[in-house]
Amino acid sequence: MSISIEEIKKPENIIYRKPALLTDTVMHYCPGCSHGTVHKIIAEVIGEMGIQDQTIGVCPVGCSVFAYNYIDIDWQEAAHGRAPALATATKRLCPDKYVFTYQGDGDLASIGTAEIIHACGRGENIVVIFINNGIYGMTGGQMAPTTLIGMKTSTTPYGRDPKLNGFPLVIADMLAHLDGTAYITRQSVHTAPAVRKAKAAIRKAFEYSQKGIGLSFVEIVSTCNSGWKMTPVDANKWMVEHMFEKYPVGDIKDVLAAK
Amino acid sequence: MAEKILMKGNEAIAISAIRNGVDGYFGYPITPQSEVMETLMKEKPWETTGMVVLQAESETSSINMVYGGASCGKKVMTSSSSPGVSLMCEGISYMAGAELPCVIVDVMRGGPGLGTIQPSQSDYNQIVKGGGHGDYHNIVIAPASAQDMYDFIDWGFELAFKYRNPVVVLADGIIGQMMEKVELHPMKPRRTDEEILQAAPWATTGKPATRSRNIITSLSLDADIQEEFNRKLKHKYQLIEDTEVKYSEYMCDDAEYVFVAFGCSSRICEAVVDELRAEGIKAGLLRPITLYPFLAKEIARLGRQARSMMSVELNLGQMVDDVRLAVSGSCPVYFYGRQGGNIFTPEEIVREFKKANSLE
Chain A
67 MSISIEEIKK
77 PENIIYRKPA
87 LLTDTVMHYC
97 PGCSHGTVHK
107 IIAEVIGEMG
117 IQDQTIGVCP
127 VGCSVFAYNY
137 IDIDWQEAAH
147 GRAPALATAT
157 KRLCPDKYVF
167 TYQGDGDLAS
177 IGTAEIIHAC
187 GRGENIVVIF
197 INNGIYGMTG
207 GQMAPTTLIG
217 MKTSTTPYGR
227 DPKLNGFPLV
237 IADMLAHLDG
247 TAYITRQSVH
257 TAPAVRKAKA
267 AIRKAFEYSQ
277 KGIGLSFVEI
287 VSTCNSGWKM
297 TPVDANKWMV
307 EHMFEKYPVG
317 DIKDVLAAK
Chain B
75 MAEKILMKGN
85 EAIAISAIRN
95 GVDGYFGYPI
105 TPQSEVMETL
115 MKEKPWETTG
125 MVVLQAESET
135 SSINMVYGGA
145 SCGKKVMTSS
155 SSPGVSLMCE
165 GISYMAGAEL
175 PCVIVDVMRG
185 GPGLGTIQPS
195 QSDYNQIVKG
205 GGHGDYHNIV
215 IAPASAQDMY
225 DFIDWGFELA
235 FKYRNPVVVL
245 ADGIIGQMME
255 KVELHPMKPR
265 RTDEEILQAA
275 PWATTGKPAT
285 RSRNIITSLS
295 LDADIQEEFN
305 RKLKHKYQLI
315 EDTEVKYSEY
325 MCDDAEYVFV
335 AFGCSSRICE
345 AVVDELRAEG
355 IKAGLLRPIT
365 LYPFLAKEIA
375 RLGRQARSMM
385 SVELNLGQMV
395 DDVRLAVSGS
405 CPVYFYGRQG
415 GNIFTPEEIV
425 REFKKANSLE
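Chains as they are written, first to last, in the numbering used here: chain A, 67 to 325; chain B, 75 to 434.
Here are the simulated distance ranges between beta carbons:
1) Gly124/B - Tyr224/A: 52 to 58 angstroms
2) Asp227/A - Leu295/B: 30 to 36 angstroms
3) Gly216/A - Ser286/B: 44 to 50 angstroms
4) Pro77/A - Thr266/B: 36 to 42 angstroms
5) Asp296/B - Leu230/A: 35 to 41 angstroms
Simulated pairs of lysine-lysine, DSBU-like, Cα-Cα distance not exceeding 30 angstroms:
6) Lys310/B - Lys262/B
7) Lys106/A - Lys312/A
8) Lys236/B - Lys308/B
9) Lys277/A - Lys116/B
10) Lys118/B - Lys277/A
11) Lys265/A - Lys84/A
I should point out that these hints are in silico values taken from the structure, not numbers from a laboratory.
Ideal placement from N, C-alpha and C gives every residue a C-beta, glycine not left out.
Please model the complete structure; the sequences and the hints are all you need to start from.
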C-alpha cells in the first residue's frame, strides 16, 4: 500500500520535526559538530517544559558564542569563562527563572575554572551544559585542558606531552566533590540512544534547578572533526575509542537518586 | 527634619544602596572599602527590601555578576579599590560594549601594583579614560564627602539607566574612611517587575511569544556593523558631554588664580583658597563633580580670566593634562601633588602655589 505526500504531511502523521524553539538561522557549526545536536535537544527540553518565557541562557566565548542566534530565548553573552558569574546573579535576582550556561572546555575548564568551581561551591541553582571536545575549536584547534595525552593539536603538534603540557582536567569529577552540586552527569550525542539519554539528563538538570538543591552539570563528550582533522564518522569512532576512556559516560552524582 | 547619622563614607554607600532600592550588590574584600560589604551583610537587606548581597570569589567574578544582574534590568552595583578595579576592567569594557547600566564604586588607594592602602587619586587616567580595552567611556562622578557617597549612588543609577552605561563613583581612601554626618533621604522601593519592563525593555527577563528575543552582547564579527556601533556610542558620549557636566565653584567670580581639584583634594583646596583670600590673593576653586564628562568649557572660560591655574591631585599629575587641554595655552597651568598615600596640607599647597607663581 502506498500513501501520498499530502497524507504524510498531515500533522497526525508527523513523527519528527525541527523543535519550535530552534530558529531558522543557518548554523555556523561545521558539519559533524556536536553543538548542533546539543542545541536541538536543549530547544526541545525548553519547548516541552513550556518554559521559553522563564528561561535565560548564558553563552560562552568559543564556537558556541553565537548560541543566541539559534535558540529562541533571552540570552546573555559572557566574557570568556565568566558565564557562571552572570548566571549566579541572574538566578539570585530572578529566582523563579530557569538559568543555564552553555560552555566549552576552553571556556569552562581553562579560563573559567574559578567561576565554575565557586558557582558549584555556593550551590547556585543553575544548569551548566559543558561541551567537552578536548580542543579549542573557534581559534583553530589549540590544546585545551581536556586534551588527551598524545593528542595532536596546533599547540601540541607532536602530541600532548604531560611533561611539557600537563595532564587532562577531568572537571566533572572534580565538581562532584563539591557539596553545592546536586547532579553531575556525563553524556554524549553520537548515536540516537545517546541523544535520548543526553536529552533526559538535560531535562533532569532543568527540573533540579528549580528544587533549590544546588548546581546541575551536564557534560557532553563531543567531537570536533575539523579540529581533530577527521571525517564526522571517524571522529565519532575516535571519541568512543579514546575520549570515553578518560571521560566515561554516565551519572557521576545525583543527590536525589534512590539510595 | 530628615534623619542625620554619623557614618563613614563606605558605610554611606551601603546604607544608600539599601535605601535607594538597589537590587543587588556583588563584591570582594579589599582595603580601604571593605566596610561597604560588611555593612550590607550586617544590615541583611534581603530580609527587608529583598536586595541580594553576595561575596564573590574575585573582582573578576563580582563585575561579571554585575553584568548578569544588569542584563536582567536590575539596579546592581559593586565596589572595590584600585587593584581590584584593574581586575574588573575586562568586565567594565564588556558592559560598555553591551550598553549595560551599573554603578561601580572605586575607593582609590596608592599604586602601581599592590601599592599602599592609603588614599590616592592615582587612577584618574584609568577610570576617566576607560580602563579596559576598546573605545568607550565610563560616566565618572567624584564624591568629596560622606554625604556625596550617599547621594551619588542614586544619581549614579539615574545616569546609568538614562544612558545604558557603566557609572563609576571615583572616591578615595579619605572619603571612604572619614566619618561625617549624612542626611538620609526617604526610602525608595525597589522596582517592581512591571517597572523593570518599562525601564529596561531590552533586558533578559524571559522571552514571551509577543516579542523577539533579547540578547545582551558586545560581539560583532562584521567591521561595518561594529563601526556603526562605535559611532552610536560616540553619539551617546557627545550627548553626555553636552548634558551632564556638573561642577562647583568656590570664589571663582573674581579669581585671578584658580585651583582645580576633585574629591578629597577639593576639600583641602577650599582651605587653601580661604588662606590666600585672607592674605588678599584672589584665589578660587573649581571642583569637577563629573570627571567624565569633563568641565572643559568652564575651565576654558576661567583660563581666559585667570593669571594661572593649578591642578592639585593625589598623584603624579593626571587630571592636569585635561586641564591644560581645556585651557589651551591661555594661561599657565601648574600642578602640585602627593603620592603613595601621603596627603598634602593646605599650608603645603599655599607654599607650592606661591613658588609656582613667584609670589614669595
